[in-house]
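*Asks:* Next come the chains, spelled out residue by residue.
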Amino acid sequence: MNQLAQNFPSNMLVKKYASEIEAILAKYPFDQKRSAVMPMLYLAQRDGGFVTKQAMHEIGEVLEITATEVASIVGFYSLYYDEPAGKYRVQVCADLPCALRGADEFLQKLCQNLGIKVGETTPDGAVTVESVMCLAGCDKAPMFQVQGAGSANGDDYIAYHENQTVESAMAVVEALRAKK
Amino acid sequence: MTDAQPSYVLLRHRDIPTINQLDVYKANGGFAAFEKVVKTMQPGAVVDVVKASGLRGRGGAGFPTGMKWSFIDNKAFPHYVVANADESEPGTFKDREIMESNPFQFLEGLAICAFAVQANAAYVYLRGEFWQVAKILDQKIADMEAAGLLGDNLFGTKYSLRLYTHLGAGAYICGEETAMLESLEGKMGQPRLRPPFPPAVGLYGKPTIVNNVETLTNVPPILDKGADWFRTYGTPKSPGVKIFSLSGCVNKPGNYELPLGTTFRDLIYKYGGGVPGDRKVKAIMPAGASSSLIVATEQALDTAMDYESVPSVGAQLGSASVIVVDESISIDWLLNKTLHFFKHESCGKCTPCREGTYWMMHIAERIHHHEGTPEDVELLRTVAGQIKGKCFCALGEFSIEAVLTGLERFPEDFRIAVEARK
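Line order of the protein sequences matches chains A and B.
According to numbering that gives the first Met the number 0, the first sequence is numbered sequentially starting from 0.
According to numbering that gives the first Met the number 0, the second sequence is numbered sequentially starting from 0.
Isolated chain B (complex conformation) (with noise of 0.2 angstroms):
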């Protein structure tokens, strides 16, 4: 790569410090691509070039862009399309450091889906605690409409969009698309039975599609460079780059923009600096709280974090916010911090989680006291078992993923717990 090439693809500000402010971002190509697909695109095209680029949701289901875009029902109107800036799976920040440093580059690719999928009003759902974050969204979306970037009859064309931030107040279960649709109507953010999705009975069932902040950072540059540029990163079946969000015991935590199929071993160690200490790597939670802990053998070190290869180590990639967990960590503390979060974060609306959550919770933390038997143990396993497959979102399946791959891959941990007990 020559110094001319830029080495970001979404943290953009890294090579270009100003790139916050419209004037730098205009002058480094920024809303070419958004003035070449209204004036130039019919909506479809657009959707069949992100299609062809293979881009897949970046909030963590590694869903089709393309063809999410493409399940927008066209018989009814208007559309609605949806930011998901919920960011709060426990590990995950990169959505924050693109809205707070590279901005116009997210709002752009928000622009363009809504041109893409007819919607001429779009949101974007910010967890509460981004109280700054929505006030610098606020004066970049004021910047646009200065510049004629937002509006009516944006580029002497009958397309007119308008966008706007709405807060949540701190609620995990609204990063669930359909417990975010809720809350944007002003309801308890509980999540809704599917079908029918989004795109068909979305925000006031209307039509909606509901895309992660990196989802649609990635939108620009792909109809500015081309599906096939897209494709010369990551793998053929993961194509483009990811922002892992790299937390845990760790010199470097931070972001880190890799093609994906990076092998967890180099996002610890060669951008990561390694364990502190040096100590060793023990588990690794490559989607947050919501993972399954990977045992940290030197195969599963040199696994490549794509969707397809993850799984291969008994996990799942999500939204590769990877928390590192080594050796001086026990997994019966780990597990009742997970199960605390989930207890608390769990909406309610359905009986499995609620209950389940509130169960695990009391048994994990008795084994972590060193108050717990075996037979506690085992009723922890039960209980996770009974929540499985049954709950109405994946918030209580994902809150079991910790403990039976915890329970099953670190056994000696919970019986020094239980041993332990006074």
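The shape of chain A in the complex, shown without the other chains (with noise of 0.2 angstroms):
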């Protein structure tokens, strides 16, 4: 049995991925395994597609921080998630050089014919549509990132979708829900 399951034997995130956790502990110093809270935020939120609050007590019980810390880190990083919303997330860089080729009007065309407003969920619970901040895909844009485990790229948890058109991004949302 691997030592961090012995260790902390009623933590469900241990029990789950004691040897990623491990692999990601020795990434660091001994002493620093504060480091690991990213790495591990993305492990418990893979599984649920946000991160609990039982999850912020166990990863914070594994790096001796209190589950307060853990959720400062949540708050503060834009890719961490404390509710649930659509299974994937379809985030469309809207920023100043997507938007001067025409960012603007593929979301709302692409909102338009998923019948939802930007930031809401369709209806079947699959896709949540949403404006972020500058994605480095500048010179391809339009261009969204898909974030939620298995995209259309394998099992990149984040995908990066450029030089996209509305048809082309429609597509790519029918693929997932046909995954769902």
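Hints listed in this document are in silico derivations from the structure and should not be mistaken for laboratory results.
It is possible that part of the hints are untrue.
Straight-line C-alpha distance at most 30 angstroms; calculated DSSO-like pairs for lysine-lysine [stated by the list, open to error]:
hint: 1; chain 1: B; residue 1: K134; chain 2: A; residue 2: K139
hint: 2; chain 1: B; residue 1: K224; chain 2: B; residue 2: K157
hint: 3; chain 1: A; residue 1: K52; chain 2: B; residue 2: K134
The two chains are supplied separately, each in an independent frame; assemble them into the complex guided by the hints.
*Replies:* Shown next, in the form of structure tokens:
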């Protein structure tokens, strides 16, 4: 039995991901475990689409920090969520360089086609469309990333889709729906 | 230039598409520089070569790289190196291309830097959105370990080195080096008071060098071919090539590796294919959203893009993320965009930035939506002026560059916006 699993017998996150967590901890000095909080939050979030209170407690237990300190990390960084949304988050960059290449119109039309407003989730719960800040894909706008385990590009938790049209984006959405 | 000479120093995958494979990279001279420095050079001598090359930091500040390395505190150990792969400035997408397509040259540069400052561990801090890039780098690092290029007793010496990737989670501020170190320590990414600077007190309180991805990618060829070779590119004060990320209103946006000192006109027209619809260039932002707005006069278009020349037209070169704005764009719209960005990305640590970006965003939104008055334009100018010089780090200071220069250099756009008020 894995050493971590022995140390934290009632920790569900450890129970499920003991070897992943050991690999994460091995990246940092043994007395700087707190560095593992961000990769561990990704583990927890990939599991349920958002970080539960229980997961924050369990991460804190392993890293010897309080659940409040873990929650502060969830609150500070844009890519962590403490509430559920659609199974996949389609995050369109509408920042200045992308907007100069039509990203605002792209985002509006995509939402129209899906029958939702920016920030909303489709009625089947599959997709939430969001407007996000620069994704370093300015030369390939309109572009978006899909956040959510098992994207169109295999198993990448976050995958980029660039040089998009509303039609190609709808095809990506349909593929995500089919995976559901 | 003959066919035998490579055309790229950094974007070498454009000459050799499979250079992302270790055997191909090695067959083209890869890791010769790393092996040479570890086996035959003193760390201080490596620093001296980089100093002599005149390489300046490519992340935006343009600080001399060799000088930064020489500041490492040799009385405290362990040392760390952190590669800044947070690339979050709107308009910047160069480091991503390097890491995706020429990853070993970057990793070799990181390894040479680590040897030069006697660090045995180095981290690559990537923005969280670069999930796929991190996966590539993890694989390349594993390839290096399997080939004996990382680990203990490298090349039969006592030197050991390990590389690790670390993903952020969506926070522009983490590109600021001390915020990045806080984040890597598992905390909120808020900047530290400097001094002390990271070469004295950095990651885990230990001496640390933080360098941008592009900066590090310059290092292997410098050690391979020498400082004098490097200085054959660029200008005497800004030597070398630079990757210009060209975006916005241009026909061919993308990364262009060109000598420092290339003009805006050549970048936009010769390489970028000009402006869609043959519209005129109205403004140029040479350093992403953090830029001042350059009025695109003939003289400005003929200005050399290097660290010394760009200030002559009232801006900084920064990370060389050149956003082209054409005559169909109104500057009140543009400020509404950049201020939404800075308001979202302010870390909240210091009041001038946290409150200032919030209020600037609301005023700019009002003006852009034709709900503003002439007094609002003056209020925006006043708030920006009150932020100036009072922020804890550069984020807040950069948030006002486009505001102050936009109001000063394009007053007509704001006059029209407020006169359209219903």
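*Asks:* Is K134 of chain B close enough to K139 of chain A, meaning Cα to Cα at most 30 angstroms?
*Replies:* holds, 21 angstroms
*Asks:* Please work out if K52 of chain A and K134 of chain B have their alpha carbons no farther apart than 30 angstroms.
*Replies:* This hinted pair holds, its Cα atoms lying about 28 angstroms apart.
*Asks:* Can you confirm whether the C-alpha distance between K224 of chain B and K157 of chain B stays at or below 30 angstroms?
*Replies:* At roughly 26 angstroms apart (the allowed maximum being 30 angstroms), K157 of chain B and K224 of chain B satisfy the hint.
In this structure, none of the earlier numbered hints is contradicted; all agree with it.
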